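Asks: Spelled out from the first residue to the last, the chains are:
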Amino acid sequence: MIDIAYDASHLLGTLVLMTSFALLYQRRLFALLHVFTVQALALAAAAAWQAYAHDDPHLYITAVLTLALKAIAIPVALHRIVQRMNIQRTVEPALGIGLTMLAGVSLVTLSILLVLPVTEGATALTREDLALSLSVVLLGLLMMISRRNAVSQVVGFMSIENGLILAAVGVAGMPLVVEMSIAFSVMVAFIIFGIFLFQIRERFETLDMRRIESFRGESGE
Amino acid sequence: MAVAARGRGWVATAVYGGTAVACGLTVLWAITTLATGAAEPAALVLPVGLPWMGAHLRTDALSAFFLLVVNGGGVTASLFGWGYERAHTHQHTDPHHAPSGPVLPFFPLFLAGMSLVLLAADAFTFLVSWEFMSLTSWLLVLSTHRESETPAAAKLYLIMASVGTVCLMLAFGLLAGGPGDMRFDAIRQHAPGDGMAALVLLLVLLGAGSKAGLVPLHVWLPLAHPAAPSHVSALMSGVMTKVAVYAIVRVAFDLLGPPAWWWGGALMAAGTITAVMGVMYALMQDDLKRLLACSTIENIGVILIALALALVFKASSTPVIAALAMSAALLHIANHSLFKSLLFFVAGAVLTATGTRDLNRLGGLIHRLPTTAVLALIGAAAISALPPLNGFVGEWMLFQAILNAPALPEWSSKIGIAVVGAAVALAAALAAACFVRFYGIAFLGRPRSPEAAQAREVGTAMRAAMLIPAALCVAIGVLPTPLIRLFGPAVRAMVEAGPFDDRAYQPWFWLAPTSAVGNSYNGMVLLVVIAVLSAVLVLVIHRWASNRVRWSTAWGCGHEEPDPGALSQYSASSFNQPIRRAFGGTLLNAHDRVSMPEPGDTRPARLTVNWRDPAWTFLFTPVGTALDWLTERVNVLQFLTIRRYLTLMFAALVVVLILVAVVRS
Numbered sequence: 001m002i003d004i005a006y007d008a009s010h011l012l013g014t015l016v017l018m019t020s021f022a023l024l025y026q027r028r029l030f031a032l033l034h035v036f037t038v039q040a041l042a043l044a045a046a047a048a049w050q051a052y053a054h055d056d057p058h059l060y061i062t063a064v065l066t067l068a069l070k071a072i073a074i075p076v077a078l079h080r081i082v083q084r085m086n087i088q089r090t091v092e093p094a095l096g097i098g099l100t101m102l103a104g105v106s107l108v109t110l111s112i113l114l115v116l117p118v119t120e121g122a123t124a125l126t127r128e129d130l131a132l133s134l135s136v137v138l139l140g141l142l143m144m145i146s147r148r149n150a151v152s153q154v155v156g157f158m159s160i161e162n163g164l165i166l167a168a169v170g171v172a173g174m175p176l177v178v179e180m181s182i183a184f185s186v187m188v189a190f191i192i193f194g195i196f197l198f199q200i201r202e203r204f205e206t207l208d209m210r211r212i213e214s215f216r217g218e219s220g221e
Numbered sequence: 222m223a224v225a226a227r228g229r230g231w232v233a234t235a236v237y238g239g240t241a242v243a244c245g246l247t248v249l250w251a252i253t254t255l256a257t258g259a260a261e262p263a264a265l266v267l268p269v270g271l272p273w274m275g276a277h278l279r280t281d282a283l284s285a286f287f288l289l290v291v292n293g294g295g296v297t298a299s300l301f302g303w304g305y306e307r308a309h310t311h312q313h314t315d316p317h318h319a320p321s322g323p324v325l326p327f328f329p330l331f332l333a334g335m336s337l338v339l340l341a342a343d344a345f346t347f348l349v350s351w352e353f354m355s356l357t358s359w360l361l362v363l364s365t366h367r368e369s370e371t372p373a374a375a376k377l378y379l380i381m382a383s384v385g386t387v388c389l390m391l392a393f394g395l396l397a398g399g400p401g402d403m404r405f406d407a408i409r410q411h412a413p414g415d416g417m418a419a420l421v422l423l424l425v426l427l428g429a430g431s432k433a434g435l436v437p438l439h440v441w442l443p444l445a446h447p448a449a450p451s452h453v454s455a456l457m458s459g460v461m462t463k464v465a466v467y468a469i470v471r472v473a474f475d476l477l478g479p480p481a482w483w484w485g486g487a488l489m490a491a492g493t494i495t496a497v498m499g500v501m502y503a504l505m506q507d508d509l510k511r512l513l514a515c516s517t518i519e520n521i522g523v524i525l526i527a528l529a530l531a532l533v534f535k536a537s538s539t540p541v542i543a544a545l546a547m548s549a550a551l552l553h554i555a556n557h558s559l560f561k562s563l564l565f566f567v568a569g570a571v572l573t574a575t576g577t578r579d580l581n582r583l584g585g586l587i588h589r590l591p592t593t594a595v596l597a598l599i600g601a602a603a604i605s606a607l608p609p610l611n612g613f614v615g616e617w618m619l620f621q622a623i624l625n626a627p628a629l630p631e632w633s634s635k636i637g638i639a640v641v642g643a644a645v646a647l648a649a650a651l652a653a654a655c656f657v658r659f660y661g662i663a664f665l666g667r668p669r670s671p672e673a674a675q676a677r678e679v680g681t682a683m684r685a686a687m688l689i690p691a692a693l694c695v696a697i698g699v700l701p702t703p704l705i706r707l708f709g710p711a712v713r714a715m716v717e718a719g720p721f722d723d724r725a726y727q728p729w730f731w732l733a734p735t736s737a738v739g740n741s742y743n744g745m746v747l748l749v750v751i752a753v754l755s756a757v758l759v760l761v762i763h764r765w766a767s768n769r770v771r772w773s774t775a776w777g778c779g780h781e782e783p784d785p786g787a788l789s790q791y792s793a794s795s796f797n798q799p800i801r802r803a804f805g806g807t808l809l810n811a812h813d814r815v816s817m818p819e820p821g822d823t824r825p826a827r828l829t830v831n832w833r834d835p836a837w838t839f840l841f842t843p844v845g846t847a848l849d850w851l852t853e854r855v856n857v858l859q860f861l862t863i864r865r866y867l868t869l870m871f872a873a874l875v876v877v878l879i880l881v882a883v884v885r886s
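Chains as they are written, first to last, in our numbering: chain A, 1 to 221; chain B, 222 to 886.
Isolated chain B (complex conformation) (with noise of 0.2 Å):
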């Protein structure tokens, strides 16, 4: 056994190791293509798919920012994966409990299927490498499946992923067209008509968007994400919903030709709804991954805002204000591929070290981990937006665009666009307090269970592949420009300018985008005065406040000994009261209860919460019913005798033959 757990080592340091140089190598050979300005693009048509055909590939300037942002993410799991891999068969010495077993063949599959789904240029080579993405990434999810909770979840996403795939089927016969040609070089030639193109986009919507986690599509994502192993949640949450949205930009920017100015509306209310209702369900969470993971449903909804915003602005012949919203959404896609795998590195961390993802049962983790205790910092303020990280200069860059709503000929979209800055700021707080929780409950505080309070820092390649997001949270947030000016070229080929076209003075080190109606900002001051204050604030406590002699109550309350459990802490559903309370109601239907023993009862009081995420309650639950209604019905059809059969083939081939002599006459 112990040989085998060796020989599953080496294997596992191959393929881990293996994907890590490919990934990086892409990594590499996406930066020169973008840095060295990618006006040719490459195409490459190899003779395998359609025999009439071929499968066509190509890489232009925005795939190979998406190139770059899926294999970054792969670098790090693969690292990650490693070290978690090695972590785990420590702990299990049973072969058939080891984490990685059923990871290894797939995960260098995922990530394969996840590049070529970038590199397609011909429908039918999109739409293969899409389903080989789904597929790769459902056996993924599968790996877990000991687990009571992953079947269904891995149900749930097989029948989303399917339909996902099926909606772009459609999109894609559809912008194909009567010849059939579904080059997208072709595609390009013939602009659909405007009841088409709106279809399509609907279509383009429903189906990556179900891949994104737009909500009302989104009910897989907290379920299935979190199913994975930690590293392939990252690769899920941070990089697989990245490249549904380069789906929704390839079609929108580039395949339907020049948008009309309400593509831009429709994908805005999808982007709020989702932004604020997925921040709604990560405060509800009281598990880590899950909250992560629906997480990620509000950050898809602030990027598809800013593509929106983009396509407003094109539409309106402004292109460099498209520039700017083009630019701040391809800047969180990177940020939000970074700081979201570093997030999910956190929670595979703290479940290696204790074992649980339940934020109920951790507390006090800083004492225990305090590499970890950093880095998640880090990545939770660089979520929550705070400067002088990288969110923060993603939602500034969304903002510049927001304020410029004023240019716009139509008031419906001025006003509409003021209605989606409140709600994008909603948002950005809401998700500012889910992420205090998420540290706060985590790893301040007192330790809630003795698996938290036992808790062990995780290894070295853990935390090294922590580090590396966690440091280009930092970089980025420090000097955006550089990234901003890598990506111009995929932002010129959407939206036809740059975002600092026409200024001349430019420096690398200020970012001051053209219409940005005069604001800039500069990181390094920003760190410089935050790392100021922050010494003075230390110092002044240090010097005045924690010093002084405290004293606490008898009573404990002051979380003094009689309280060996740390019960009478802030718990993870007691800090996201005021908020249940405020929003949860009339959005999710929560309701808190509250048993209490009577007079003498020596039971303890007890808190439930109940919430029920809509999207069940008035979309899945019906369809859910509808169909199994309507496969009762079918059902029947199972049964019958053989010349009931004989009978409808019969029936079948008259009608078919009536049709024709109908129509040849």
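Excised from the complex, chain A in its bound form (with noise of 0.2 Å):
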């Protein structure tokens, strides 16, 4: 018997994963912000496909909440900030690109390793979900620290929210407030992130964190 609707989540929280392994690998500002995009999108569908597989009207507005902020919102303020503050718009990454994707690799290793023997008991779809999203947020992790750039660490914590609110939908029970939390959250780290970046960027003219942190008198690399 083909269960589609276990088929078919799997099929959006890979896809969730795939774009962060996407997301890893992006050079440039533009290209990045559209992953991300597609990323909220993947994760907004995955949300929505779970309310209707469960029956579960509240995860509609999980859906209809990233959608909105994440796949809409956030990214065209992101670009507008790129555009007004016309910063350089190529990425340069701290690792290795190569070494980075192996340690990707390993980490969604990892995560799957630790968390089927934990959560053995639990449905198969609940397991499968914990284990990509735990796989992106430490990829998420991953991407802050393998990139100099203050947008591009932007969308590494957004995108460790991502994995956090794949594992909320996935996990039957999730009660809608913590959602709304999430979600507000996002929202109000958005805006901060936002204000530091104007604010750094006129003060020092720059996004690169290396200059940054030469200005605060350590020895960077």
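Some hints here could point you the wrong way.
As the list claims (entries may be wrong) - Label-pair distances were calculated between CB atoms; the ranges are:
| # | chain 1 | residue 1 | chain 2 | residue 2 | range |
| --- | --- | --- | --- | --- | --- |
| 1 | A | Y52 | B | L395 | 55 to 63 Å |
| 2 | B | L267 | A | T14 | 57 to 65 Å |
| 3 | A | L95 | B | I879 | 15 to 23 Å |
| 4 | A | Y52 | B | V855 | 50 to 58 Å |
| 5 | B | W632 | A | V118 | 56 to 64 Å |
| 6 | A | H58 | B | L267 | 46 to 54 Å |
| 7 | B | A373 | A | V105 | 53 to 61 Å |
| 8 | A | T14 | B | L858 | 34 to 42 Å |
| 9 | B | L267 | A | V105 | 56 to 64 Å |
Everything labelled a hint here was simulated from the structure, so no lab data went into it.
As the structure is a prediction and not an experimental result, all values here were calculated from the model.
All C-beta atoms in this analysis are idealised placements derived from N, C-alpha and C, irrespective of residue type, glycine included.
Using the hints, put the two chains back together into the complex; each one sits in its own frame.
Replies: Here's what the structure looks like:
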């Protein structure tokens, strides 16, 4: 018997993970933002599918929130920031692309190895979903530390949030208020990041973290 | 300003008066509890502290005895503090220089903290009270923060107190064991294994020992105890060290279960080193209060030796001898709290009268401070263990226990205890020398400075505060048996026997412990004999010696006029020179350097004495250097880039996840 609900949600979850990998190797800011939009779209679709499959109407709210905030508002705002600040469009990786990908693959392996034995007894869907979302979170962290540009660090942070929401929609019974608050916190974080980016830019005339660090009087790389 | 001073005078009266009354009531309660047979320990659970446990308080005979000691010290210290406050308010009308300002709020809290430690019946309450006691005493030390030496002393004290508390915390953690039940009742139920017990004992020796002044953890004592105002010094030295001893007794005799004989050996080694080194430090000091603080180290060593003997005899199933040693320990605890408080009060009185604590600037005070001088003599004689005073009784009982060493099965303890006995005898003799120096330099001879020459006797309250412990020193020395009977229940609770078991005839004026190998002590006989002999001696001297015409040489070395500063007298440094030469060179790396002027040069000759505490040379300086090195390395973490901090977090997260994965599979 083909369990279409399982397969579809698996597919969408994997799509989110794949876009996480795609985020890792982007060298240009606009491409990075596009991939991030795709990830948010996939996430919204995953949430909507879960809502449909489990007949869980409040997940539709999650899907709509994700779509509106992550897939439209934040990318558009970041686009405008990048354009208005006229920053250099290339992203300098602190870690080579190949090494980053290798590290990403090992992180996914780790999270599968970790989650599958820990969640024995839960339904297959939940287990896979948790493994996928943990991978997305770890990849987001990896992205934050492997990039020097402040905008790409913001994107990394946002993709961590995506991972959390993926976990939230996958696990049955996550209360709506938690999802709402996650969405809200993402919004607040984004506003703060935006303000910071403008302030940093105004003060240091760059968003390259290396320059900022050297200004702090530290031995940057 | 005058109004402010008067206002504070009322506050001081209220605080010290209230503290004295509270302590006095506790003393009465403790005496009643001990006298009426504390068979039923009173227990109380307060709904504060850890939510699942509450605070357990309990008073058994041991706590009652220590409460008696602590609060007895509290009564006299409050009285002395009140007098001290008044004396210094008259001297300094500027309220910012009044001595008591920062002392007042913490003084009662300090006493309350110490009492709480004694009452605690679970590890959590114990540790919280312990830390409370440490912090309040630290604040009391800081009350003299304007003096140049205080900040460094307070810093060292804070470090040592924290290290001590950490050790105690680990010890109680080990004692609570797997179930983590921190009530003392639960800890008593399951005795730890052999290795675990050794570790607990070591940690308690480190933790409580650093508070008690165990060599080599004593370094803060000679700095911090004298820095506080004198009545606080008396409490810290005479009483707080006893609370630390209480912690050792509670763990070693009560919580750890039946002892092994080598526990006593470890304790005895620590005590012997402490006793001998402590008195050596005391002999080297030129500062009155520092000398007293160092002498505390020696007395703690003696108490520890007595406790160690009690442990050894308890382990070898000779409880009556163990009871003798335990009684000696408890008696010495009570004695030391009495005469050490007395001597610190004397130091405070001297400081009030002359404004200096430097022995080399004192002298001849017996003429200016007659009452203080007599009381100081009693204290000095008591701490030097001279009969018929209480110090002698304590050491006499200790030696009776030491003489029982051949009853032990292990050859190592038979021989070891003999060595310890010799060391105790050496320490006692050196302590006598130390206090002859203390009394002789400060009170006898001629004044060495104008301050000493113009000293004035201190007020009634201070003299009364000194009189109480002095009278008790004499009373306990003459009639020790009632006190020993009073804390009998505490001894019985710790070693399951009393010192007078199986002995039919036990009058109250006669001290004859069962296992004292036929020896006995009668203070009244000694008192009468000594009084008669002294009277005869005084008569003989006055009749035949002091009326004789004495001639003095023209050059003034017989203390005649061309010596205005009385500089040709024995000084504090000359008094300890023989001992410095005999022991100091090897133990303390002491060097004398004399710089003689060339012929024709008019500058004075100068003697410089250098000595260094081996605990600093071999322990604290290397540890400090290592810590500095480590701090330098770790300090790099303060200045990483944001990305590196994120990397560190990420790495930590991944490592934890890997650990979980590995453990789960």
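Asks: It remains to establish, for every hint, whether it holds in the given structure.
Replies: Hint check:
| no. | hint | verdict |
| --- | --- | --- |
| 1 | Y52(A) <-> L395(B): 55 to 63 Å | holds, 58 Å |
| 2 | L267(B) <-> T14(A): 57 to 65 Å | holds, 58 Å |
| 3 | L95(A) <-> I879(B): 15 to 23 Å | holds, 19 Å |
| 4 | Y52(A) <-> V855(B): 50 to 58 Å | holds, 54 Å |
| 5 | W632(B) <-> V118(A): 56 to 64 Å | holds, 60 Å |
| 6 | H58(A) <-> L267(B): 46 to 54 Å | holds, 47 Å |
| 7 | A373(B) <-> V105(A): 53 to 61 Å | holds, 57 Å |
| 8 | T14(A) <-> L858(B): 34 to 42 Å | holds, 39 Å |
| 9 | L267(B) <-> V105(A): 56 to 64 Å | holds, 58 Å |
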